[in-house]
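Trainee: Residues per chain, in single letters:
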Amino acid sequence: SQTIHQWPATLVQPVGSPLSLECTVEGTSNPNLYWYRQAAGRGLQLLFYSVGIGQISSEVPQNLSASRPQDRQFILSSKKLLLSDSGFYLCAWSRQLRAGYTFGSGTRLTVV
Amino acid sequence: EDKVVQSPLSLVVHEGDTVTLNCSYEVTNFRSLLWYKQEKKAPTFLFMLTSSGIEKKSGRLSSILDKKELFSILNITATQTGDSAIYLCAALYSSASKIIFGSGTRLSIRP
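Taken in sequence, the protein lines are chains G and R.
28 is the number that my numbering gives to position 28 of the first sequence; each next residue is one higher, with no gaps.
1019 is the number that my numbering gives to position 19 of the second sequence; each next residue is one higher, with no gaps.
If you are wondering where the hints come from, they were derived from the structure by calculation, not from laboratory data.
Careful, some of the hints might be misleading.
[Claimed, not checked] Result set (SDA-like, lysine to any residue): computed pairs, CA atoms no more than 25 Å apart in a straight line: (1) G/K79 x G/L47; (2) R/K1037 x G/T110; (3) R/K1040 x G/S86; (4) R/K1003 x R/G1053; (5) R/K1098 x G/S67; (6) R/K1040 x G/A9; (7) R/K1040 x G/S20; (8) R/K1037 x R/L1011; (9) R/K1040 x G/D85; (10) R/K1056 x R/I1073; (11) R/K1037 x G/A40; (12) R/K1037 x R/G1082; (13) R/K1037 x G/T10; (14) R/K1041 x G/T3; (15) R/K1098 x G/A40; (16) R/K1003 x G/S57; (17) R/K1098 x G/I56; (18) R/K1040 x G/L46; (19) R/K1098 x R/S1051; (20) R/K1067 x R/V1027; (21) G/K80 x G/I56; (22) R/K1056 x R/D1066; (23) R/K1040 x G/Q13; (24) R/K1098 x G/S86; (25) R/K1098 x G/L46; (26) R/K1056 x R/T1079; (27) R/K1040 x G/E26; (28) G/K79 x G/V60; (29) R/K1098 x R/E1026; (30) R/K1041 x G/A40; (31) R/K1056 x R/K1068; (32) R/K1003 x G/N63; (33) R/K1098 x G/G87; (34) G/K80 x G/P69; (35) R/K1057 x R/D1017.
Just so we're clear, the structure is a prediction, and the values are computed from it rather than from any experiment.
Construct all of the structure, not just a fragment, from the sequences and the given hints.
Mentor: Structure below.
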């Protein structure tokens, strides 16, 4: 069966520090991978998605970036965090999008 | 700009009540409408609706899509405290490469 792992679960980082969140999928190949952010009390905002290794589509201009170094690995990064980067970050995958997404357990990031 | 709009933003009802959550969308190249339930962490999939007028049911939950009027509703009958959650509506593009979400409806069920 397919599983998605996302870590860490919680992160507190100072303004200006770098960020690296990792997401990996097991039990499938060539998945579509997604990064979403959810601000408090808000819906999910699509940040990046990838349909293959090295293929990254950015939805929102910001100081975040994403990379897909391996087929089942998706990384969200920042060189210098801003206070506005605080939020709940969710990774998701889909093999056939007709069945919807499967989400990871999320990372709650607080920038202080 | 493509968007998904949900209403109400929040709703408080008593256990046993029936609720209707609304979702409207303006999405170019629309394929399907999805509903998710989010409790503490990751959203969990409820329904995917692709055709108009066909109701999907799962226990006390049901949903229907109107592709002419560009909206969907999610009904929950005989609500229970375990139904308390954020309910998210999302639109799937016909390219099947991404989904955009609405802001969610926060539903609270009082015993």
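Trainee: Taking the hints in turn, state whether each one holds.
Mentor: We went through each hint and held it up to the structure:
Between G/K79 and G/L47 the CA atoms are separated by roughly 16 Å; this keeps the pair inside 25 Å, and the hint holds. With a CA separation close to 24 Å, the supplied pair R/K1037 and G/T110 stays within the 25 Å bound. The hinted pair formed by R/K1040 and G/S86 meets the criterion: a straight-line CA distance of about 17 Å does not exceed 25 Å. Of the pairs offered as hints, the one joining R/K1003 and R/G1053 holds, with about 22 Å between alpha carbons and a cut-off of 25 Å not exceeded.
Annotation: proposed proximity of R/K1098 to G/S67 holds, straight-line Cα distance about 17 Å (limit 25 Å). Annotation: proposed proximity of R/K1040 to G/A9 holds, straight-line Cα distance about 12 Å (limit 25 Å). In summary, the hint linking R/K1040 to G/S20 is supported, as the alpha carbons are separated by about 23 Å, within the 25 Å threshold. Taking the CA atoms of R/K1037 and R/L1011, the gap is near 15 Å; set against the 25 Å cutoff, the hint holds.
Restraint check for R/K1040 and G/D85: satisfied, since their Cα atoms lie roughly 20 Å apart, inside the 25 Å limit. A threshold of 25 Å between alpha carbons decides the hint, and for R/K1056 with R/I1073 the separation of about 11 Å falls inside it, so the pair holds. Restraint check for R/K1037 and G/A40: the C-alpha separation of about 16 Å stays at or below 25 Å, so the hint holds. Taking the CA atoms of R/K1037 and R/G1082, the gap is near 11 Å; set against the 25 Å cutoff, the hint holds.
Between R/K1037 and G/T10 the alpha-carbon distance is near 21 Å, which keeps this suggested pair within the 25 Å criterion. Between R/K1041 and G/T3 the CA atoms are separated by roughly 16 Å; this keeps the pair inside 25 Å, and the hint holds. Distance restraint check for R/K1098 and G/A40: the Cα-Cα separation of roughly 22 Å lies within the 25 Å cut-off, and the hinted pair is therefore satisfied. As the CA atoms of R/K1003 and G/S57 are separated by approximately 18 Å, the hinted pair is consistent with the 25 Å bound.
Between the alpha carbons of R/K1098 and G/I56 the distance comes to roughly 12 Å, so the proposed pair stays at or under 25 Å and holds. At roughly 19 Å between alpha-carbon atoms, R/K1040 and G/L46 fall within 25 Å of each other, so this suggested pair holds. A threshold of 25 Å between alpha carbons decides the hint, and for R/K1098 with R/S1051 the separation of about 19 Å falls inside it, so the pair holds. Taken as a hint, the R/K1067 and R/V1027 pair is honoured in the structure, with Cα atoms around 11 Å apart against an allowance of 25 Å.
A hinted pair counts as satisfied when its Cα atoms are at most 25 Å apart, and G/K80 with G/I56 qualifies at roughly 20 Å. Of the supplied pair hints, the one linking R/K1056 and R/D1066 holds, its CA atoms being roughly 13 Å apart against a limit of 25 Å. With a C-alpha separation of about 22 Å, the suggested pair R/K1040 and G/Q13 falls inside the 25 Å cut-off, and the hint holds. Under the criterion of a C-alpha separation no larger than 25 Å, the hint pairing R/K1098 with G/S86 is consistent with the structure, at around 23 Å.
This hinted pair checks out: R/K1098 and G/L46 have alpha carbons roughly 8 Å apart, not beyond 25 Å. Between R/K1056 and R/T1079 the alpha-carbon distance is near 18 Å, which keeps this suggested pair within the 25 Å criterion. For the proposed pair R/K1040 and G/E26, the alpha carbon gap of about 23 Å is at most 25 Å, so the pair holds. Of the supplied pair hints, the one linking G/K79 and G/V60 holds, its CA atoms being roughly 17 Å apart against a limit of 25 Å.
Restraint check for R/K1098 and R/E1026: satisfied, since their Cα atoms lie roughly 15 Å apart, inside the 25 Å limit. A threshold of 25 Å between alpha carbons decides the hint, and for R/K1041 with G/A40 the separation of about 12 Å falls inside it, so the pair holds. Among the hinted pairs, R/K1056 with R/K1068 is consistent with the structure: their alpha-carbon atoms are about 18 Å apart, no more than 25 Å. A threshold of 25 Å between alpha carbons decides the hint, and for R/K1003 with G/N63 the separation of about 23 Å falls inside it, so the pair holds.
Restraint check for R/K1098 and G/G87: the C-alpha separation of about 21 Å stays at or below 25 Å, so the hint holds. Distance check on the hinted pair: G/K80 and G/P69 sit about 21 Å apart at the alpha-carbon level, within 25 Å; holds. Taking the CA atoms of R/K1057 and R/D1017, the gap is near 18 Å; set against the 25 Å cutoff, the hint holds.
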